[in-house]
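Visitor: Which chain is which? The protein sequence lines are A and B, in order. Counting from 1, position 21 in the first sequence corresponds to residue 20 in numbering that gives the first Met the number 0; the numbering is continuous, with no gaps. Counting from 1, position 223 in the second sequence corresponds to residue 222 in numbering that gives the first Met the number 0; the numbering is continuous, with no gaps.
The hints are simulated quantities; they were obtained by calculation from the structure and are not laboratory data. Each residue gets a CB set at the ideal place from its N, CA and C atoms; glycine is no exception. There could be a bad hint or two in this list.
Here's a subset of chain A near chain B, in silico, CB distances under 10 angstroms, partners left out [said to hold, decoys possible]:
id	residue
1	His275
2	Ala305
3	Thr359
4	Val361
Selected chain B positions facing chain A (in silico; Cβ < 7 angstroms) [claimed, not checked]:
id	residue
5	Leu171
6	Leu172
7	Tyr183
8	Leu240
9	Leu253
10	Leu273
11	His275
12	Ala282
13	Val361
Number of protein chains: 2
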Amino acid sequence: MAFEELQREHGKRLEIREFQGLAYARLRDDHHHLPRGTVFFPSGRRVMGYPHIGRILALASGLEAQFRAPVWAEEKLNGYNVRVVQEAGRFLALTRGGFVCPFTTHRLPDLLDLDALRALPEVVVCAEVVGPENPYVLGHPPHVSHDVRAFVFDFMRVGEAGFLPYREKLCLLEALGLPSVPRYGRFDLHQVIDLDDLVRDLDRRGCEGLVFKEDSPRDKRAKYVTASAALDDIGMNAANLMELPPEYFTGRVLRLALFLVDRGEAPGARAEALGHAFLDGLAEMIRRFREEGQGYLRYRCRFREAEAAEVFFHHLAAIASRQVRLRLHSLERDGEQWRLTFDRVPVHINGLLQDLLTGTLVFD
Amino acid sequence: MAFEELQREHGKRLEIREFQGLAYARLRDDHHHLPRGTVFFPSGRRVMGYPHIGRILALASGLEAQFRAPVWAEEKLNGYNVRVVQEAGRFLALTRGGFVCPFTTHRLPDLLDLDALRALPEVVVCAEVVGPENPYVLGHPPHVSHDVRAFVFDFMRVGEAGFLPYREKLCLLEALGLPSVPRYGRFDLHQVIDLDDLVRDLDRRGCEGLVFKEDSPRDKRAKYVTASAALDDIGMNAANLMELPPEYFTGRVLRLALFLVDRGEAPGARAEALGHAFLDGLAEMIRRFREEGQGYLRYRCRFREAEAAEVFFHHLAAIASRQVRLRLHSLERDGEQWRLTFDRVPVHINGLLQDLLTGTLVFD
């Protein structure tokens, strides 16, 4: 078995899985300088996990403290991160956690020009998959209003840590005709006012924020997100209030406060938006519980064939946490596509709402 | 040593302390059917911890499910719970956690008619201490606008679990001339509309809620709190966002949502209030950090003598958690009283604000 040595090295951190006859192993946690989500194939090839990008909480001082050369500014998109790799003669899409995603893998021909990529088997494409019909993230950038799309932000090489240099990335994007995340150019560190204007504009348009990449060999990175991103995250996930770690919410409240302080903005209209983000999501959850007997979050995604949707739903059910139950709603033909609709039913908050209706005593 | 046997029984859950020459032991956690905060004296006398009162999240179904006889409705006040006991010839005020509180003990002559109580050494008085100048809780009922006051809601007996029956409580309150929490009378279980009106009125006036006590030998209890209480808690503690367990905040957001649902009320104006509760508290914290170099929460309380204030401040510093640093601001004479002003400086959020200003990269 090809993974024996890896198992000795990583123990229970390594999980061996299978996707359509192909065995692979994923790293569940950071270990021995390998990031969580690193994937190993029986061929001996390895795809590094996508590393965490640190966050700055104030634009000017953050840029000053973190960078020593001009930075490229790219839009941070609200979706999910995949690494696309060729292995054993086919393209696979790996999620951040190192799962082969059956949905994204199946939809790759719609997302990227695979023919162009085929000639570069050692290149790993790092992209954000975004759109209203994706199976993981409620919420999407305002400029993608149908189905899903992929936007590339990095290239890696199989087996290697780090990314292709920025200018090589630009060449490859153009040569391969791949869609890029919106790029806003290269900024000297004293152009903070321009970046601040850009951030304000992104925030106004409901965009998530920026990733900065230093124009230097060390390729230092940092991200900075908008108030709008914090509000969206809270609003989309308020129904998950009892399932997500509570720090998810308090952390975003704090980021929102810091964003306002950084802009010299009083709470004002954002206070109302924050309250609505929490209460509207919860009210909708409670309404569903009352009217339909269960509160849930609804997801939709599109497939080219019905079978692929079934495979994907079984995959999701198999990897679901105990805190959320998956429920198939429907699988319907829509033109050339099949549309899967499924619900995530958070267990704890439904229990609590049940308690509410039956008048149970709660000790907290 | 009188506590040896107790230590064998309770191990590290028992903490032995001393207050002005009197040794006592407190139970840090629930153990062997004794609640946290149970206090033992060398005389062999014991004061039971004040038990948790369960919460109902919906008024009508909660009353129906929890009670089988009419209930007394009393106002739940926003302050801190003390048990007042006579031991070794003096009156002591015990906090919920079982500490002798030097502040409350010192102020007892101002809070309760001790002369009347002296004849009843086996009676423990359970009271809420409330007011704008208290050392533990920011926020106070609207009807107490100066210093602190105590309002009695229960009597226990030394050594015994449970409370004096409600009608005996009423007699004792009257006979001893002790101040009671506002009592709203006795309600049949079908009078839910009256109770709902009462709850709405309390909410409008900024009051915290109700405690229900069944008029039956089993003395069953439950509490129900207002939206106003949830909003106050969040607003008063937003500056403690990184120090309190994050569930403190998410739990209250959920209670607020459930309160609105229970009244059939849309988020509306409460959404704005919720957003302000979070953001105004944080903005004030951040303003203090920027202008004074440190964010903090300020507390004031009044003493009859300066020495007592010093004793109290040392007590607070000794029992403070590592997450909060105590800082003495001032001790000033004010008429017949001494006014102590001190700050709680939350450590984590100050560190984060420092990171903000210096542009540190945060990984979350």
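Visitor: Confirm or reject each hint.
Guide: How the hints compare with the structure:
1. His275: 4 angstroms, holds
2. Ala305: 38 angstroms, violated
3. Thr359: 7 angstroms, holds
4. Val361: For valine 361/A, the interface hint holds, since the closest Cβ of chain B sits about 5 angstroms away, which is under 10 angstroms.
5. Leu171: Nearest chain A Cβ about 28 angstroms off; hint violated.
6. Leu172: Result: violated, 27 angstroms to nearest chain A Cβ.
7. Tyr183: Cβ of tyrosine 183/B sits 20 angstroms from chain A, so the hint is violated.
8. Leu240: 5 angstroms, holds
9. Leu253: 6 angstroms, holds
10. Leu273: 4 angstroms, holds
11. His275: 4 angstroms, holds
12. Ala282: Holds. Min distance 6 angstroms.
13. Val361: With Cβ-Cβ at 5 angstroms, under 7 angstroms, it holds.
Hints 2, 5, 6, 7 from the list above are not met by this structure, while the remaining hints are.
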